[in-house]
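**Q** Okay, here's what each chain looks like letter by letter:
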Amino acid sequence: MSHNFKNWPIVVGLTIASVPIIFMYVFLFVDTVTDTLPGEMMPNRFTLEHWRFLWENIEGKASVWLAMLNTLIFASSVTIIVLSVSSTASYALSRLNIPFRKEFLAGILMLHAFPSITLIIAIFLVLQMIGLYNTLFGVILVKASLQLPLGIWIMKGFYDAVPWEIEMAGIQDGASRFVVWYRLVLPQVRPGFLALGLFSFLEGWSEYILPAILAPANEVQMLSVYLASLISDDQHFDFNLFKSVGLFYATPVIIFYLFFQDKLMNIYGGGTKG
Amino acid sequence: MSHNFKNWPIVVGLTIASVPIIFMYVFLFVDTVTDTLPGEMMPNRFTLEHWRFLWENIEGKASVWLAMLNTLIFASSVTIIVLSVSSTASYALSRLNIPFRKEFLAGILMLHAFPSITLIIAIFLVLQMIGLYNTLFGVILVKASLQLPLGIWIMKGFYDAVPWEIEMAGIQDGASRFVVWYRLVLPQVRPGFLALGLFSFLEGWSEYILPAILAPANEVQMLSVYLASLISDDQHFDFNLFKSVGLFYATPVIIFYLFFQDKLMNIYGGGTKG
Amino acid sequence: MEIVIENFTKRFGDLTVIENMNLIIKEGEMLSLLGPSGCGKSTTLFAICGIARMDEGRVFFGEKDVTHTPTQQRNIGVVFQSYALYPHMTVAQNIAFPLTVRHESKQTIKKEVGEMAELVHIEDLMDRRPEQLSGGQQQRVALARALVRKPGALLLDEPLANLDAKLRLEMRSEIRRVQLETGISAVLVTHDQVEAMSMSDRIAIMKDGKILQVARPAEMYQYPENDFIASFLGNPPIAFLDGIVSDENVVIQSVDLKLPVPENIEVPPNGTSIRLGVRPEFYQPHHPHKIPGTVSFVEIQGRENLYDINLKDGSLLRSIQPADVSPLSPGTKVDWGVQPEQLLFFDKSGKRL
Amino acid sequence: MEIVIENFTKRFGDLTVIENMNLIIKEGEMLSLLGPSGCGKSTTLFAICGIARMDEGRVFFGEKDVTHTPTQQRNIGVVFQSYALYPHMTVAQNIAFPLTVRHESKQTIKKEVGEMAELVHIEDLMDRRPEQLSGGQQQRVALARALVRKPGALLLDEPLANLDAKLRLEMRSEIRRVQLETGISAVLVTHDQVEAMSMSDRIAIMKDGKILQVARPAEMYQYPENDFIASFLGNPPIAFLDGIVSDENVVIQSVDLKLPVPENIEVPPNGTSIRLGVRPEFYQPHHPHKIPGTVSFVEIQGRENLYDINLKDGSLLRSIQPADVSPLSPGTKVDWGVQPEQLLFFDKSGKRL
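Chains as they are written, first to last, in our numbering: chain A, 2 to 275; chain B, 2 to 275; chain C, 316 to 668; chain D, 316 to 668.
Hint data in this document are derived by calculation from the structure and do not stem from the laboratory. All the given hints hold, so there is nothing to weed out.
Here are the simulated lysine to aspartate or glutamate pairs, EDC-like style, with alpha carbons at most 20 Å apart:
#1 605(D) / 628(D)
#2 481(D) / 473(C)
#3 648(D) / 496(C)
#4 481(D) / 523(C)
#5 481(C) / 479(D)
#6 481(C) / 523(D)
#7 481(C) / 596(D)
#8 481(C) / 473(D)
#9 573(C) / 628(C)
#10 573(C) / 656(C)
#11 62(B) / 239(B)
#12 481(D) / 596(C)
#13 522(C) / 479(D)
#14 481(C) / 507(D)
#15 481(D) / 507(D)
#16 481(C) / 542(D)
#17 481(D) / 542(C)
#18 525(D) / 370(D)
Selected chain D positions facing chain C (in silico; Cβ < 10 Å):
#19 484
#20 537
#21 552
Here are some chain D residues pointing at chain B (derived, C-beta under 10 Å):
#22 361
#23 366
#24 386
#25 390
#26 392
#27 397
#28 398
#29 402
#30 413
#31 414
#32 457
Every residue gets a Cβ at the ideal spot worked out from N, C-alpha and C, and that includes glycine.
Given the sequences, and given the hints that come with them, work out the whole structure.
**A** Here you go:
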C-alpha cells in the first residue's frame, strides 16, 4: 500500500529527532578522554585521568568495583525474585477461578503506578524497625516487591496467550497439573520469561531512589548512588570524572540492549508476538 | 477445570500479602488526623493541625495550591504532547514501510529504559543553555520526550491490532488516507488512547526527579518536590505534616485509579483486549 | 470399551445445558454427536473425558463407574478441535508425551511411537515441529498422540473444522480407517451433517441439551423422527410445505395441491395441520403430482444441477437433477411433481407420522 | 462495465507472482477466479481495484485506462474476506460511509442507504453494530456498502470463507441474486470449486499465476483442458488411472484392463502414455468394462452413497450411487465398470485429448 503515501517526510523528521541524541552521547564519550580549557568548546588533549576511578579509590569513597559488585548482586537478586514469583503467581491468576480475581488484578495495577515517593517514608521506617536499613537484603526486598506487580501483569499476558486446549491435552495425556505447567506451558512463555528477566535486571541496575534512601552507606552503595554522590560533593566536584563514571555505569546497559533488544520487545507484544 | 486444583491456598496467600499494605494506608491516614505521644503506639487525640498547610503557607515555602496548580499544568501538558505525538507517529510506524523501521523501533525502546540519571546532567546543561532551566515549559518538554518512547510503543500495539482490511475498505470507499485514519482507525484505538492519556497524566503527577533537578524554584515547584523539601528541611522536620502532604498528594492518584482502572488495564492488553 | 452415560445433567450457573441425558456408546463403534452450536455436544464429550464435571448422573467405562475418577486416570484419547499440539516439541516428542509422563522405558516409547506414526502415515515427519505441518498432518499427529496410550476410547471434538474442503474429504476417511483398524470405541462431535453421516456407525442428534434420536445414518436420513432432524440432514436441504388433512388427502391450498396420504401412514382426522417434507431428489419432472413454479436460481455442480423453484405463494422447493448440457435458466416456468410415498409427513408438533 | 486486464505482471521482490496475464470480464457477468491458495487470484483482484500496484500491464474499465488511477477514484465495490465492517459504526453508518465521504446530501444518503438495505434484506438491522450481527448478516452489510456508490464493478474476495456450511448455501444464492438484480459486473475470488461453479457465469481457473482455462462452469466440468482442472472440479473428486496406447486401445496393465479409444478422440501412436480420468458418477455397477476391486470406505450421504474402491494395484477409484437401504460394507469385493465415452483422456503432459 506504500504508493498511497509519501514517506520521506517521516524519515527526515525521525532522523532530525534522533541525531541530537546520538551526537550528545558521542560528545559525552569524547569529553571523558580529553581535557578542555575553560571557556573553549574544543578539547585540547587526550587523557585517561578522568577514568582513574577504575584503578584508585576516590577520597572518602568506597571502590567503584565494590559498588559495581553491589549493583550486580542487587540487580540479579531482584531479577531472580521477580521471575520466580511472577511466573508462578501470574499462572495462577491467568488460569484459576480465584474469587475476587478481577479486584486483585486491579489492585496489582494500582500498586504499580502508585507514586513511590509517598510509599518510601513508610518503607524506610519499616526497614529500620526490622533492622534491614542499610543492608542490600532490605533494598532488594523492597525493589522486588515494587517490581512484582508489573512482572505479574506481563507474565499474565503471556500465559493468557497459551491456548487452554494445550493444558487440557496435557491433562488428558495423563500429566499432573505441575507437569503440565512445567513441561508444556512454561516453555511457551519463555520469550516473556526471558524478556521480563532482562527488564528486571536493567530496572535493578538503573534504580536510584531506593538505594539512595534505604542503603546509602559506603559498603552497600550502588553505582547510581556512587554517581550521584559525586555531584553532591560540592567541594571537589569534577565534572569530567562524573561523566566518566556515568559512562562506566551506562555501558553494560547499552550493551545489554544492543544484544537483547528483540527479546525485550516481547514485553510490549504482551505474548501475542511471543 | 477448577476441580483439578485447590485454590484456597492461593487466596490465603494473596490475602496475607495484601493486608499489610491496606493496613499501612489506614495507619497513614489515622496518623494525619491525630497526635501520638513520643514512645507510644496509639494516638491520643484528634487534630486537624497537620492539615494546616491547606489554609496557610508553611514558612519559607510557596502555597501548596500553587504547587498543585504547577503539578496540574505539568501533568496535563505532558499528557497532551504525548497523546498527540504518539497517536500520529505510531500510526506511521505501524502502517508504513519506512526504511530502518525495525532499527528505529529498537532505538525507541532503548531510549525508554535508558538509566535517566546519566541523561539528566546533559539535559540540565542544555536547559540552562537555552534558558529553560527553572521553567515549567522546559521540564514539560523533557518529561514528554522521555515519556514518548513508551507512548509510541503502546499506541503501536493498538494500531497493529486494527485489521489492515478496514483501512483498505475505507480507501476503497473513496476516503483519503487522512479520513481513513481519523474516522476509521482512530476510533478503534480509543481504548489505548484513553489509557495512555491517563497513564501519562499519572506519570506526570508522580514525577519527582526531573522537577527536583530541573525546576526547583518555589514559583514552579511541584507537589512531589514540595513534599520532598519537607524532609530535607532538617531544622523543622514535622513528620505528621509530611504524612498529610503525602496523603494530599496521593489522593487524586488513588481516586483516578479507582475510577479508571479498567481503562488503564487496556495498556497491558496492548490492544488485544481493546 | 463400552461407555454408558446415565442421567447426565450439567448446569452453568442458572442455565441447564444438558438435562438428564442417557447414552450408550457400544464397544468398537463410532458414534457422532451431531447438533447446532450450543446444543451441548462438546459438553457431553468433555464430561466423558472428565474435563467438565457432571452436576448429576454417572459415567461408566464398561462396568466401572468413573464419575469421580480424575481425568488423568481415565485413559481416554482426545483430539481437540485445534489439535492442541505442543508447539515446542517435535512430532515424535508430541506423540511420545503421554508415554514419557508414564515413565515408560525408552525402547517401549520408541516402538509405540513408531507404530502409531505408521498407523497414521506420518513416518517422514517425526522431526518436524507442529508449525511446519499442514492442517491434515497436524490432525494425524494429534490422532497418533491420542491413540499411543492404547486408550479405552477416542473422543474427537470437531476434528475437521479447521481443514479446507479437500483435506476434510481425505481426513474423513483417514480417521474412520484408523478407528476401524484399531477397533476403538469413538465419539465424534460435529455440527456438520455430512461428516456425521459419512464417518459414524450411529448418530445421536442433539438440540438444546437433549438427544432427539439415535440411529444409523441411512436410517436417520430416511426416517427422521421430527422435522428438525429432517432439515438438519441432507444436502441440499429439505423444503417444507404446509397443508391440512381432508378426506384421506393432504390439501396444500397455497399451491392448489391435493395429495393422497400414503398407505403406511395412519390418516389423521380431518382438519389436522400437516407439514410435508420434500427432499430435492424427490421433486422431479417426471413425478405425477405437479407443483408448478418458476426457476429462481440454478446451481451448477458439475455432476448435478440444483434448481431453486419459487412456488406461487412465495415458498421455495429445491430439485436436484443430473447435469445437463443446457441447464434451465432463471425465470423459466416448470411443472415438476412429487410422489406422496417419498415425502415425509410431520404433525403440528413436528413429529413424523 | 467491462474490465480488461492486459499483460498484467506482478512481482514480489524476485518472485514473479503473476506473469503476463490477460483477462476480460464482460459487462454484467459474474466471473470466478478459481485456484488453490497462492495462485495469485487475490493479487489479481487487488490489482483491479488498485490496492496492489501492477508491475507491468494495464487495466481498462470500458474504454478508460485506469492503470494509474488512485484506488479512491476507481469506483469499485469490494467485499473483503473478513467483511471489514467498521466496528464503531452502526449498520446504517457503515453503508452510508462511502456516500458521506463524497459529501452527499442527507436526503440522498438516507434514500440510497434505504434502497440498499432493501436489496440485501437487512432493513431491520440498521441500528445494530457489526459485532451484534451473524456472519451472514455482516456479509449482507458488506455487500450493501460495496454497492451503495453504484460502482462500476463488484469484487468479492472469498466472500463465503468465514461462514458455516448452512449460511454458505444461503449466501451463495443471495450474492448471485443481488448481482443479477443490479446487473453489475462482478469478480469472485475463491478456492472452492462448488462456489465457483454454482455462482458464476464463467470461471477462470488459475495455477501458479497463470490462467489455465476460462469457460462456463458446465463446460469446464465436462471438457477440462488438463488433468489439474479435472481434479480441481467435481465433488467427490475424479480418480486417475495410468495406461499405454496399444492398437487403438488403452491398456492399463496394473488392473488388466483394455479400453477402446472413443471415436471422437484421435488415437495416439502405440506406446504413448495416457492418463484416464474416471469421475465417481461414471464408475458404476452396470457399465461394461469391468475394473474389479474391494470396498475400502463407505460414505453415507443420505441421498447417495460414496464408495472408495481399492484396486488390486493399490490405486483408488470412487463411485457414487443412489442411496440404498443396505449399503455395501467395507471389505466387499465388487466388479464395477466404466464406459470409455464417459472418461477423460489426458496425454503425458496432462493435456486433454
